Amino acid sequence: MEFALASGIGVLVAAGVYLLLRARTFDVILGLTLLSYATNLLIFASGRMVVGKPPVLRALVEPVRANYADPLPQALVLTAIVIAFAMTAVVVVVAMRNHADLRSDHVDGREPERKPDAGPEDERSRDA
Amino acid sequence: MLLLLLALPFVAALAIAMARGASRRTVAWLAAAAPVLGLGMLGWLTPAVMAGSELREIVSWLPQGGLALGLHLDGLAWMFAGLVLGIGALIVLYAHYYLAEEDSARRFFGCLMLFMGAMLGVVLAHNLLVLVVFWELTSISSFLLIGFWTGRQDARQGARMALTITGMGGLALLGGVLLIGRVVGSYELDAVLAGGDAIRASALYPAILGLVLAGVFTKSAQFPLHFWLPQAMAAPTPVSAYLHSATMVKAGVFLLARLHPALAGTDLFFYVVTTVGAVTLLIGAWYAIFQHDLKGLLAYSTISHLGLITLLFGLSTPMAVVAGVFHILNHATFKASLFMAAGIIDHECGTRDLRRLGNLRKYMPYTAALAIVASLAMAGIPLLNGFLSKEMFFAEALEAGEQSAFRVAISIAALLYGVFGVAYSLRFVHDAFLGRGPRALPVEPHEPPVWMQVPVAILVALCLAVGILPGLVIEPVLKTAVAGTLGEAAPEFSLAVWHGWNLPLVMSIAGVLGGLLFYFALRRLFALHDAMLRTWGRHLYHVNVEKLFNAAWAFTARVAAGGIRRSLFWMIVVVLVVGSAPFIGQEASLLGDLPAPQPMPALGWVLWAVLVASTLATVAWHGKRLTALIVIGATGLMVSVAFAMLSAPDLALTQLLVEMVTIALMMMALNYLPKQSKQARTPFRRWRDALISIVAGVGVAGLAYAMLVRTPDGAVSAEMLARSLPEAYGANVVNVILVDFRGFDTFGEITVFAVAALVVHAMLRFARMRPDEVMPGPPVQLPIPADLTQLLFPLALTVSIYLFLRGHNAPGGGFIAGLAIAVPVLIKYVLQGARAVEATFGFDYVRGISIGLLLAAAGGLGSLLFGLPFLTSGHVDLHLPVIGSLPLASALVFDTGVYVVVFAGALLILSTMGTVRRRTLAAEEAA
Amino acid sequence: MQHLVLAPIVLPLVTGAILLMLERRHDVRVLRSGAWIGLALLLAAAVALVARADGGGIEAYLLGDWPSRLGIALMLDRLSALMVLTTTLLAIPALLYACAGWDRRALHFHALFQIQLAGLNGAFLTGDIFNLFVFFEVMLIASYGLLLSGARGERIAAGMHYVVFNIAASTLFLIALGLLYGMLGSLNMAELAVRVAAVAPEDVALVRVTLGLLLVVFCAKAALLPMYLWLPETYARAPAAVAALFVIMTKVGLYALLRTGSLWFGDMAGPFEGFARGPLLVLGMATMLLGSLGVVGALRLRIAAAYLVLMSAGTLFVAFALAQPGTIAAGLYYLPQSCFAAAALFLVAHIVQRQRGRAGDRVLPTGLALPLQTGLLFMVTALALVGLPPLSGFIGKFLMLAAVPAGDIGWVYFSVLASSLLALVGLSRSGSRLFWRTVEDQRDTDSVDGQPRVTRMEFAATALLLALVVAMSVFPAPVLRYTTATAEQLLAPADYVREVRATTPQVRAP
Amino acid sequence: MRLAVDIATLFLLVVGCFFVFLGSFALVKLSSFFHRIHGPTKASTLGVGCILAASVLHRAIHGTGLHPRELLITVFLFLTAPVAAHLMSRAALSLMDRRPEAPCSGTEPEGHIRDDADERAEQQARERAEGRDDG
Amino acid sequence: MIARIFPSVPQSITVFVFWLLMAEDASPGTLVLAAFLAWLMPQIAARLEREFARIGEARILLPLGAKLLWDVVVANITVARQVLGPEDRLKPGFIWIPLELTNIHGISALTSVITLTPGTLTAELSADRSHLLVHCLHVEDPEQMIREIKQRYEAPLRRVFP
Amino acid sequence: MIDLMNLVISGAMVVVGCAMLLALWRLVRGPTAPDRILALDTLYVATIAEVVLLGMLDETEVYFEIALIIAMLGFFGTVVLSKYVIRRDIVE
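From first to last, the protein sequence lines stand for chains A, B, C, D, E and F.
Here the first sequence is numbered in the UniProt record's numbering, starting from 1 and rising by one per residue.
Here the second sequence is numbered in the UniProt record's numbering, starting from 1 and rising by one per residue.
Here the third sequence is numbered in the UniProt record's numbering, starting from 1 and rising by one per residue.
Here the fourth sequence is numbered in the UniProt record's numbering, starting from 1 and rising by one per residue.
Here the fifth sequence is numbered in the UniProt record's numbering, starting from 1 and rising by one per residue.
Here the sixth sequence is numbered in the UniProt record's numbering, starting from 1 and rising by one per residue.
One or more of the hints may lead you astray.
[Said to hold, decoys possible] Selected chain A positions facing chain C (in silico; Cβ < 8 Å):
{"hint": "1", "residue": "Val28"}
{"hint": "2", "residue": "Thr39"}
{"hint": "3", "residue": "Ala86"}
{"hint": "4", "residue": "Val91"}
{"hint": "5", "residue": "Leu102"}
[To be verified] Pairwise CB distance ranges (calculated):
{"hint": "6", "chain 1": "E", "residue 1": "Asp128", "chain 2": "F", "residue 2": "Glu59", "range": "51 to 59 Å"}
{"hint": "7", "chain 1": "C", "residue 1": "Pro201", "chain 2": "B", "residue 2": "Leu691", "range": "26 to 34 Å"}
{"hint": "8", "chain 1": "D", "residue 1": "Lys29", "chain 2": "E", "residue 2": "Leu61", "range": "33 to 41 Å"}
{"hint": "9", "chain 1": "A", "residue 1": "Gly52", "chain 2": "C", "residue 2": "Ala48", "range": "49 to 57 Å"}
{"hint": "10", "chain 1": "B", "residue 1": "Ala927", "chain 2": "C", "residue 2": "Gln2", "range": "54 to 62 Å"}
[Unchecked claim] Over 10 Å on every C-beta distance to chain A, these chain C residues come out as not near it, computed from the model:
{"hint": "11", "residue": "Ala40"}
{"hint": "12", "residue": "Arg195"}
{"hint": "13", "residue": "Ala418"}
Think of the hints as simulated: they come from the structure by calculation, not from any bench.
Since we're looking at a predicted model, the values are computed, not measured.
In this text, a Cβ means the ideal position worked out from N, Cα and C, and glycines have one as well.
If we strip away everything but chain A, and leave its shape as in the complex, we get (with noise of 0.2 Å):
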């Protein structure tokens, strides 16, 4: 079971990473979405992988961590969760600007043919 949880962070992080180094803004878009995932795993994780055992307590049960989950790691992914979640908000619209005002929506809000600014003939004059 450790295999499959293991696996499937590293299945997601090889898409997040790849999609993350796309040049559209959708596609990071993509990539942040599935690296947040694996984060929540991973982090989710740290407290080990416990079948069955809630950390909602119930009576008779001894509030010891052989009983429950450990619940740590997972009020840490909630926090976890929002803050990406409003990080992605964040990001997605600024992809919409990103296209609106730029009219592209490369990452870099250009199309990298052109080239990246005036050479410095252009901004300099023969003044040294």
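Here the structure of chain A is known, so what remains is to put chains B, C, D, E and F in place on it, guided by the hints.
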């Protein structure tokens, strides 16, 4: 007293800067007041200095760092201070007449005073760091002065070049001083001079020497860094006269003199300094001869003289030092006067080109007379001051060093110097004042205002006085200065014009004759000179600086090109390096002893398969965006179910809700983005990225696996489980952690959420954008689903409240509930349209966020009333008559804040995004 | 007043929330006065905190009255107090500058500004690593808002870069935190310090990776080579007042590096003592040089300013990586002054941009001579940033160089001095082109029509920053005394850990 | 009693799984969208309903007592499933090349459904390209 | 007045019952809370709805529900047969069904019912709400089908939602 | 009996899991957007079944909320995605 002396010029500068609207005359008076007053003070102090006592004042600045504003006045400092103030006063007088109407006198004199102060600081400094401080200040103020005529390209270039070179030297000097401080343990001059042996013995000595000399050589324009000085001649002439003959360039040799006891006395010092000095001496002189620009000639001759002084200090014998100090004085007097004369010529003739000048004695006889005397002093003609120091130099050169070959070389250099010196002095005198000419001058030359001649006359008189009566006029001064330089090692000497027939005198005579010959052979030599190296230093500098700018630009542009992807790429590369480095050589430690893994339930495999397949499908379909979005929905679902399966119901709930809202958000965004990704045809990049991502995936999987198979020990959560119910009154430990144990995290988290909503709002509120593709027709009606929501909406709200209230004891809580309420409202938006919802709903989301945040803060701050820390939860059981017991935890207030923030934030995001088009249309209609 | 530690976080947050509410009234004066009241209170709190921290004690404030291992503890020591005060002092001129008009053009500006302060202060005060992450995010998201609110065109593209990069870095942060908790079972930094030292030998490599990843995150936020690419464009495109405040953001990464370094890699860290110092030193020097090269190559003044921020970050990396009491003290002296100076440069650049009209802040020769006061402001700023005497930049660098251990002298001296020189070359060129009338005739690029006039308030804001720089230069001794004490405190992590463990809840069981 | 309930539970479980599986199977097996949609909307919904009922029964006997609230999910599903199906078919209709014309009776053949993400965008790109040629 | 406090009585009842079911508790506290929510929720909803459903003959609902449940079971068996059998034996097609129901609540109820019953699925409601487009997986005789739907479901629904 | 019950529940989970895989197959294969939406919807429904079964197996009630929310969101997702396909603009 010293502090006051030092402060004078700065005060003057400040006064000038403040004196807005003051007349030129007032400004000049203000500027003159400083050096005149200063001279007065110096005069008052003179007897004490001459008596050999040393004044010292120390103001604490940074005692821990050994930095104190320590000033002292010994002989050397006294001499230099006199030089700085005296010539300064003359320069102010001169400049007042020199400056044109359109030049800003305030700016000029302000900078000049700044410079004067800095220079005084250099000479008075007792702490080497303070010396460095003022040293750099001279560079900066000279930058401002050289670039005074900002409109002129050569002025700007010259200023920058001077700043670059001297700034470089200053930084090197700083390094050297720091190293000295390290060796000696103090920056105080006493200690440093006393620690000379320690310095010379230290392993750092070569570095120290190199760095300090770098400072000295750059400031004093020594070969090969001499080229900035001729360039600096673009400055107004008073500046050249002051900075580039009398004072600033002397700072270098001053430092050499200052640190002489500490640094000199090794072979390294001897050979480096003498060689550099000698080469500079010759090259400067040689170039001086062939300059057509009057100031160029003077500049190169200055370089040459500075080389001479350097050479003298390099020789290091006591008498050589005496000669060096003496020549500093002499050179300052005659060169300053020559510069001023050149300025007069420039001023009155409109040109400084020697090829166009000539025969000026007819037009300006007094000036001519003064200049001729001064240049004779420069040539080292007897009865003038230059002669004396030159003689001393010849005498020292003949005895230099232990090796005869070196001695011969130095002597030949000295002789050549004599020849060249006479030659360029002749060229100055002959080409400007004698011979034929002038040719094609823009104006008719005439005598300048008399007050412009006065400073020149004073200096020339000094030349004569020293040259004729050295014993009377200059000997006490020199002795005082030398005593300050060498301390107890100062030699006994007496100055006299006539030493009898000896080798130096012969050399002098040979020099004069050689110079005359040389001058008359000049025409032929011009070709030789042209064939020789051009002023390659400057050329090299320009090429290099230009290259530097372009290269720096190209480099940074190239490195920064590639934008986000390159950023991310590098980060991932760094991560991979950091992630793999610790395992190199100990691969075994990654997995350690593996305990048996837990068995996998069937559901696990299904989840795994769906997760992996949908993830890979997302990658495969990422170009088709809607498809990718739908497929990634399945990934999210699987992650949630995995959470559920692995005993994390709260996570599953949150993940699901967030997932759904995210998808809604992306769908809204997709409307304003291209529907498909353009696929770049860069297979290399794709393979490279694929490779990295696989490595990253494998790496993270490995780490996760290694972590998972280790048995945890000592995690703090065990205690949380135990204390959750009795102390925080909650059975759902995750929620208890969120609102109690780690409530502060949640506080931050909702802030993030709230701000995200505000950012979205801020970015889209006034944005005008149109979708790429607009479906024809009016908004579509979906009556049947809309009708269904009439039934579901109140139920969904109820579910939300249920989740909220149950949160502390069962999965749920403020966050989950907040999103759960946002979802049905969003459905309303989708099915009924934004206009309908917003017109009737009447809820200001921004204000909602604010209220929520304040509620959460209030929930946390409540405990402060009881003197308990922020977010300490309280708990009461209310017993009401009919209803029964009502458990109330103060965490509930906090959680309510969370609830409100999340609900309002989510809706602010969704409604802002959903209504972009409507606002755009409205704005376009209004326009 | 045990709750004072809380004030720098909660005060701006509450102010921000209230300002959000006041936005409804559409009266900018109300908003401004609210913001200023909040900031004044914050300043008072920050000063009080510094005074308290200077007493020498380390204080732990147990949120929720839970023992620090269970809950979150805010930590007050000299370093945190110093950082909080620096932030506040930087915020005052930034807000002043923004109040000259930008705050009316950027929606939610005041609220975002306050929340950004809360995030920064939270990051400086928290003693819990996950809470640090949360406050990083608070700070970042508010910075996105400040950068992007009212933004158009290129600024959006720059924002995209900034946002995506930081999200990626945050993701990495989370991965590292997950591994950290999984391996060590705690989140309290002091507690972790104890656990790090006691890691079983077979786990050392794994923990190294974990901590290494964490450091990568901090370095990325602090713009260490090669992860600095996000910085120049972002800072150069941000609104001036915002850019001025952003200057402190790279320092948060440095702060985190210093804090974790002192706790986890200090003299009680066992197998981790001195972890990663070598690479950090080398990369810090490279960053410094590269930053200065950027200054030389910059075509715009604001780009140059951004590279100067990079350069100062590099300097601080070197100072902290050397981990000597002297270098840390010098670095901590250098840190606030470089913040003030860099912020001032961004403001000056914006003033220049408007005074030069269409030429903007591009380093082009024009026929305009800028007013003397602008030139003076620039000059003082440039001197402080390059590290030329007599301003505080020089003092900081000098103190650092003087404390470099003997073995590292060569390269450190070379890189610090060479980078200063390069920066000097670059700035002298930009300065002479920008402030001097360099062509005799007016060109069409020189039109200044349509540019909002530079107000007195904007000058005042810039001058205020420079006054801080000058004050630090004239009275360096008290500051250095404080930072030296800070460095000593940092180099004795055992005290910190002991203090955290010894602080017990008021009513709960320990 | 317990036995009877257990048997009922088992029966419901088996039936539930069968229908859930059937729904998905239909999704895979059938050839066009309008055929496939019949499977999940009916079979899967009923299947889940059965499983929920089984769960209620199971809990009543083996767990903490009768928890009818799980039936709420069933109710919810039965309410939403047809409307969801309705929406999906509308979506499919909007993508059809030949949609059923205005109200009339009688049967009509099913048209081809375009792939939304793919074809429409391509077509638009083509149109844009042509438009540019004209201009 | 009543309408002001309880904009929609059915909705209030639904919420009340729903809450009690969810909370699985009938203590006084829960009842009070449920009553409060039963008042509050329709209030909120009322701001978003133009008109609430009015129920005519509510007692028909019960037999209709029973009939529907049976039909659903039958439908699933039918669908199972159709799915598992060879696909080429099916005769699928679209049918427009003219509506007599005018109440939108009735129409949506009918839509759901049609979808849940054998082999039929509503795809669209015409813009004037007079016809429903139904997709049939297997249709032998369209007229027969329309008749059956109208008689079996539409007629009772018209009584519920007049 | 309990064992048999658990066995059947586990078996049911496998069957429902297969149903999920089939839905996944359709999700990945497409070919049209409505097909994928339908597949996702089916996946949601099957997931509810899976979660309920899990709750039976673990004898805990904490999964109720999850199942409820999945049901709610499955519908919501379908609405949003379909609306997008129909109109592009999901909020008009």
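For each hint, the structure was consulted:
| no. | hint | result |
| --- | --- | --- |
| 1 | Val28 | holds, 6 Å |
| 2 | Thr39 | holds, 4 Å |
| 3 | Ala86 | holds, 6 Å |
| 4 | Val91 | holds, 5 Å |
| 5 | Leu102 | holds, 6 Å |
| 6 | Asp128(E) x Glu59(F): 51 to 59 Å | holds, 54 Å |
| 7 | Pro201(C) x Leu691(B): 26 to 34 Å | holds, 33 Å |
| 8 | Lys29(D) x Leu61(E): 33 to 41 Å | holds, 36 Å |
| 9 | Gly52(A) x Ala48(C): 49 to 57 Å | holds, 52 Å |
| 10 | Ala927(B) x Gln2(C): 54 to 62 Å | holds, 58 Å |
| 11 | Ala40 | holds, 30 Å |
| 12 | Arg195 | holds, 14 Å |
| 13 | Ala418 | holds, 21 Å |
Consistency note: the structure conflicts with none of the earlier hints.
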